[in-house]
Structure formats: structure tokens, C-alpha cells
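Just so you know, the protein sequences line up as chains C and B, in that order.
Going by the numbering used here, the first sequence opens with residue 1, and the numbers climb by one from there.
Going by the numbering used here, the second sequence opens with residue 1, and the numbers climb by one from there.
Calculated from the structure, these hints are not laboratory results.
Be careful, since some hints might not be right.
Claimed, not checked - Straight-line Cα separation of at most 20 Å, PhoX-like style, residue types lysine-lysine; simulated pairs:
hint: 1; chain 1: B; residue 1: Lys16; chain 2: C; residue 2: Lys197
hint: 2; chain 1: B; residue 1: Lys142; chain 2: B; residue 2: Lys229
hint: 3; chain 1: B; residue 1: Lys326; chain 2: B; residue 2: Lys344
hint: 4; chain 1: B; residue 1: Lys4; chain 2: B; residue 2: Lys398
hint: 5; chain 1: B; residue 1: Lys327; chain 2: B; residue 2: Lys398
hint: 6; chain 1: B; residue 1: Lys229; chain 2: B; residue 2: Lys257
hint: 7; chain 1: C; residue 1: Lys197; chain 2: B; residue 2: Lys411
hint: 8; chain 1: B; residue 1: Lys4; chain 2: B; residue 2: Lys408
hint: 9; chain 1: C; residue 1: Lys205; chain 2: B; residue 2: Lys16
hint: 10; chain 1: B; residue 1: Lys172; chain 2: C; residue 2: Lys157
hint: 11; chain 1: B; residue 1: Lys327; chain 2: B; residue 2: Lys344
hint: 12; chain 1: B; residue 1: Lys257; chain 2: B; residue 2: Lys222
Stated by the list, open to error - If the Cβ cut is set under 10 Å, some of the chain B residues that face chain C in the computed set are:
hint: 13; residue: Lys16
hint: 14; residue: Gly24
hint: 15; residue: Tyr27
hint: 16; residue: Ser31
hint: 17; residue: Ala33
hint: 18; residue: Val36
hint: 19; residue: Phe43
hint: 20; residue: Ala45
hint: 21; residue: Gly149
hint: 22; residue: Ala150
hint: 23; residue: His163
hint: 24; residue: Pro164
hint: 25; residue: Glu225
hint: 26; residue: Asn358
hint: 27; residue: Met362
hint: 28; residue: Met363
Glycine residues also receive a C-beta, built at the ideal position from the N, C-alpha and C atoms.
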Amino acid sequence: MNRELIKANLNLHAVLKNLEDLVVYDSETAAFVENWNVSIQFIIWNGPRAYCVFERGVCTVCRGRHKHPSVILLFISPKHFNRMMNGKGHPILLKGFTRLGFLKTEFTRITERLEFYLKPTDELLTDDSYLDLNTRMTLTTAAFAVREIALLDPVGKLAASRIRNGSVNFKILPDGPCVHMRFQDGDVEPGKGEAEKPMALMSMKNARAANDFLNGRTDNFAAIASGDIMVRGQIPMLESVALILDRIPRYL
Amino acid sequence: MKQKLCQYTKSRETFKRATKVIPGGIYGHLSPAPLVPSNAYPFYALRARGSRFWDVDGNEFIDYMCAYGPIILGYHHDKVDAAARQQYEAASCVTAATPVMVELAEYLVDLIPIADWAFFAKNGGDVTSFALMLARAATGRKKIVMIEGAYHGVAPWAQAPAHPGVMDDDHKNYLRIGWNDAAQFERVVSENAGEIAGFIATPYHHPVFADNELPRDGYWQKIEELCRKRGIVLIVDDVRCGFRLDLRGSNEYFGFKPDLICLSKAMGNGYPISALVGTESLKSVASRVFFTGTYWFSAAPMAAAMATLEELKRINGPRIVCEAGKKLTDGLVQIARGYGYDLKVSGHPSMPYLRITNDESMMLHQDWCGECTKRGAYFCSHHNWFISTAHTEIDIEKTWDIADNALKALKNKPA
Numbered sequence: 001m002n003r004e005l006i007k008a009n010l011n012l013h014a015v016l017k018n019l020e021d022l023v024v025y026d027s028e029t030a031a032f033v034e035n036w037n038v039s040i041q042f043i044i045w046n047g048p049r050a051y052c053v054f055e056r057g058v059c060t061v062c063r064g065r066h067k068h069p070s071v072i073l074l075f076i077s078p079k080h081f082n083r084m085m086n087g088k089g090h091p092i093l094l095k096g097f098t099r100l101g102f103l104k105t106e107f108t109r110i111t112e113r114l115e116f117y118l119k120p121t122d123e124l125l126t127d128d129s130y131l132d133l134n135t136r137m138t139l140t141t142a143a144f145a146v147r148e149i150a151l152l153d154p155v156g157k158l159a160a161s162r163i164r165n166g167s168v169n170f171k172i173l174p175d176g177p178c179v180h181m182r183f184q185d186g187d188v189e190p191g192k193g194e195a196e197k198p199m200a201l202m203s204m205k206n207a208r209a210a211n212d213f214l215n216g217r218t219d220n221f222a223a224i225a226s227g228d229i230m231v232r233g234q235i236p237m238l239e240s241v242a243l244i245l246d247r248i249p250r251y252l
Numbered sequence: 001m002k003q004k005l006c007q008y009t010k011s012r013e014t015f016k017r018a019t020k021v022i023p024g025g026i027y028g029h030l031s032p033a034p035l036v037p038s039n040a041y042p043f044y045a046l047r048a049r050g051s052r053f054w055d056v057d058g059n060e061f062i063d064y065m066c067a068y069g070p071i072i073l074g075y076h077h078d079k080v081d082a083a084a085r086q087q088y089e090a091a092s093c094v095t096a097a098t099p100v101m102v103e104l105a106e107y108l109v110d111l112i113p114i115a116d117w118a119f120f121a122k123n124g125g126d127v128t129s130f131a132l133m134l135a136r137a138a139t140g141r142k143k144i145v146m147i148e149g150a151y152h153g154v155a156p157w158a159q160a161p162a163h164p165g166v167m168d169d170d171h172k173n174y175l176r177i178g179w180n181d182a183a184q185f186e187r188v189v190s191e192n193a194g195e196i197a198g199f200i201a202t203p204y205h206h207p208v209f210a211d212n213e214l215p216r217d218g219y220w221q222k223i224e225e226l227c228r229k230r231g232i233v234l235i236v237d238d239v240r241c242g243f244r245l246d247l248r249g250s251n252e253y254f255g256f257k258p259d260l261i262c263l264s265k266a267m268g269n270g271y272p273i274s275a276l277v278g279t280e281s282l283k284s285v286a287s288r289v290f291f292t293g294t295y296w297f298s299a300a301p302m303a304a305a306m307a308t309l310e311e312l313k314r315i316n317g318p319r320i321v322c323e324a325g326k327k328l329t330d331g332l333v334q335i336a337r338g339y340g341y342d343l344k345v346s347g348h349p350s351m352p353y354l355r356i357t358n359d360e361s362m363m364l365h366q367d368w369c370g371e372c373t374k375r376g377a378y379f380c381s382h383h384n385w386f387i388s389t390a391h392t393e394i395d396i397e398k399t400w401d402i403a404d405n406a407l408k409a410l411k412n413k414p415a
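In isolation and in its complexed conformation, chain C is listed as follows:
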């Protein structure tokens, strides 16, 4: 599996997923997209597909094909898509020519906003509201990236092959957010919120501890022992998920 393809899968299914929270938790974006009514299909030649729908202030990002998208964006390769995600390339518009202006200005504005929240600086992280949203998005990216890495990356596949069936919850205390990953016979289904009857839990003491942990700025074993990170249940599942998460920086 080539690196660009794995990266495209991560960008499409894990990074873009954060648009859903951006329109909810970033007041500037929320106000901006309030009246949008558009569905955008992303097609990557020899690569994955996904779409996002903006409707009445809500954004939904899904895998696969939308039945009647108002806009279709084509990328001639995974690399082409990854370049766009890095702000260095433009898609080919296959459908929705009347929306060209929208894509160039409005949609670009929210993707820039997404980038703002996903690429923190030490200074930005001192702001609690920024920290909260960055942490929430990092958590979502992690959960949805686990599926892609577990299915596509050779080392990720190996780590995933040792994970027993059942769900794993990652939760930031005291009140969330929470994500889960459901492992079933080699498949992985990530989701937001808590899975019922998880086989393993990882709870992070607060957003700061979670942010440090998710961005690899903490000594994980020390964090677990000191109570910043709390683990319970089938710890080998968490260990394997951690091995998969370790692979993300190789691509993103």
C-alpha cells in the first residue's frame, strides 16, 4: 500500500470528519455555514471516496458515494488530494459549476478554519476554548485514523490482528468528548460517543492531559501510573490501539 494512498484515506476519513465538530463548536464557522445547503462528493482516482453534507447548520461526513451530490470534486490521484489538503492544490470540478465561487471562497474558508484548529501552536494551546476543540478534533482524528491504519498500514494490520472482538472507548473526563472503536473479526468501526459494554476504557483526566497524550507529548506509562490517563478492561486491546496510533505521524 503506497504512502500517499494511506495518507489520502486518513485525510478523507479521519481529518475531514472534523468538519462535523467545527460547525458545532466553532462559533465563527457555525454562523458562517448556518444557511448552507450543499453536498460535496470527493472522488479520488484509484483511491477512496467520501462526501460531506451541509444542511441547516449541520455537517455530516460519510464514507462512499452520495446519491445526488450538488458538487463533485475529482482528484486524479491520492497525491493530488493530499496536496489540496496541504493547501497546495485544487480539485477538478466535475459537477456544480454554479458553485465554483462557493468552493473557492466559502468552502476554502472553513477548510482553513479546520486547519487552524488542527495545527496548534504552543501559544494557541494556552487558550482553553482552543485547547478543547483541538483536543476534541485530535481525538476524533485518532479514532477514525485507527480504522485506516489498521486496515491499510502493514504494521497497523499486524497490531490490529491481535485485537480481540469488542469495543474500546476513549473518553476525556469529566464530561467527554468520547470516541469508540468497535473491532469485529478484523474489521474496525470507529464512532463518536461511548460504545455500550466496552471491553476496554481509556479515560483522560482532562483536556490538557488528553491533548498531551494524543499529541505524543507525554510519557504514556508514567501518565497511566500517575492517573492522568486511566485504563481499564482488556488492556492488550488498548496496547494494540496505541501501536496503531503510533503510526499516524508517519502519514499526517
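Chain B: place on chain C using the hints.
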């Protein structure tokens, strides 16, 4: 009887200091990370004697981990300590080897039927790696068959693939098969005809976070037969079980004869030593493979090992730890049943693995082990326990009381 719950203020303070200067604070198998919940466990011990240890906060624990296996006669056994002290005072780490090394080798050769020679090192992982080198040197073949999920130390070949620092190439010549599956071994041997140097396995399967499994009837005999037929060196990693099931080697307990046996843990009752013992046919190759370590010739641990083995033989240590383990776990099973819990005991009674089966996620079991530890019985939820000959009837009865109180606390705990 209401029991005082341990507090760990000093343990946590010490750990905080440790995280600044030691990776992970405490690394490796003593890392608190798998101790769940971590706030139920002490991290630092101050002293130990017999079946117990005391932590830096002054809490006292009946210890069912025995330092993860080395302690079989109890902490600070008088005879063992005296032998070590005497040797330390005479000579331990010296420019020349010491006679106690020869005495210990002679003792092991007399004690263990398959042993015609002994080689000493410090840790189990030293001798498992050495055993594989011998198998390769002796056969001229490169592949090793091992059991999926088995523990043989921390060398890259022994770690699970995909772990940090472990490369794909580290696993290139290792074939992993399921435990208790002689047919799979036969298949792998046939598919890799003439390429397999050795088969390494523990006497029975004792992974972490999972029930332990004894060998099926005829399993080891079939493995031995295939190894003999195909010229494969049969290696038993007896590091954890050694001297607990049978002083002559756990293979004698299960009725088979390996070519090499890796020993450590209980051998020195806490003094750092390991040994590889083997058959005459591998003695010459063992002398040709260069393998050594700075402290491998230290004489005091060898003197301690002599004293440990002599004492174990004198008192029939394996019988004592087996009976004590059986008594302890039978009682715990009964107590758990009284609360509606099914406590499953697997493995050998002298090093049992326990798990409350009512909750597949293990959270309930982790909570129970944590509650017991806070009350003074150090229970580990992810690893098999170890019983020593120093565990008394009084210890066991006190442990039952603690286990009962802990279950009561769990029952009363809000969901």
C-alpha cells in the same frame, strides 16, 4: 472485620520524582501501567521478609507476586542470605571464575536428569537467546518455531511484532504457532523441512491477560517425537515454572525430555542468576558460541542458588507451594461463589492465574484485585500469581478474609 485501606502518598511522591529521571517512572514488568486501577497499588517497596513486603508508606502486603517469580522460599531466607553473604565476603565479582560455579553446575547436573552441563547468566532472557544460538549453531539451520503469545524475554525476537524498536527483519526466521497444537507444529515442520533449528516453548502456556493452559495429554510427547525425527533442538523455557512444578525440571512433571532447559527466577530466591542446562550432544557447541556478560560470573548469586536448591530439595518445595496454592485458590473460589461470582483458576496451583469470568472485559476482576491489594493482599489481575513456601496458613486465612471484604465492598459499590 473492617480493614484499613492502604494510602500511597509516599509512593506517588517518589513516582513523581522518578518520572523526571527514569523513562516511564518505573519501566518493564514492574511498571505500574498494567496494575489496574493504578491507584490501588503501591509502587515502591521499602523492605520484605517471608511472604510479605512493606511499601514506602508503611503498608504491609501479603505478596502473591513474589517479585514476579524469583521468591520461592520467602523474602530474605536465612540460609540463602547467609550463603550469599559468605560468598560476597570471600569473593563475588573477580578476575577469575570461582569454585562455587563448578559446584552449582555439578549440583544442577545431578538434579536435572537431562542436564549434562550448565551455563550461567543473569536473566531468563539471556539464556533463551543463548539457547536459540545453540540450536542454530548445532543444526546450521535458521528458523525457530515458537508459541504465539508466549513470553521468552525482551530481545527483539521475543517481543511481539510491531512493537517499538522491533523490526520486521527481527521476526523473519520465527514461526509462531498456537499452543497445544501438535498438528500445526507437524505442518510447519513439514512446510519448512530442513530449515527449523529449534522449537522453544514454556512447559505450559502462561500468557498475561488470559487463562493459562496446561499441555494436553500427549502434546509434549508428540512434539518431542517430531523434534527427534526432524533433528530439531527442543528447548524448554522453564524460567517461570522452573523449580516450582518439579525440581528436576518441569519437563519431568509433564513427562518428556528436551535438549535444553532455560532456568532463572526461583533458582536464586531473589539473587540474580539464570542457567541454561543441556544434553551432552550440545555441550561442544555451547563451548563454541561466544556468549557472556559482565556480571555473569558473580559468585554470590551462585552460592545463593546452591542454598536455594538445597533447601527446596530438603523441604520438598514444589509440594509445599502446590498445596498452599491449591488451598488458597480453593478458598477464594468458594468465597467468590458466595457473592455470585465465578472465579476461574488456571495453570498450576503453585503459580495460578485467576479471573472472575462474570465480566469478559476483566474490569470486575481488576476492581477486585485492586480492592484486595488496598486491604493488604497484593493481587495482580493480568499475570499469574506466585506462591512461596513462606506463605503460611495464617497468611492464607487472612487473605480469604481480605478477599471476602473486597467482594463485599464491590457488591456495595454503586454501578
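Determine which of the earlier numbered hints do not hold for this structure and return their numbers in increasing order.
-> Violated: hints 1, 20, 22, 25, 26.
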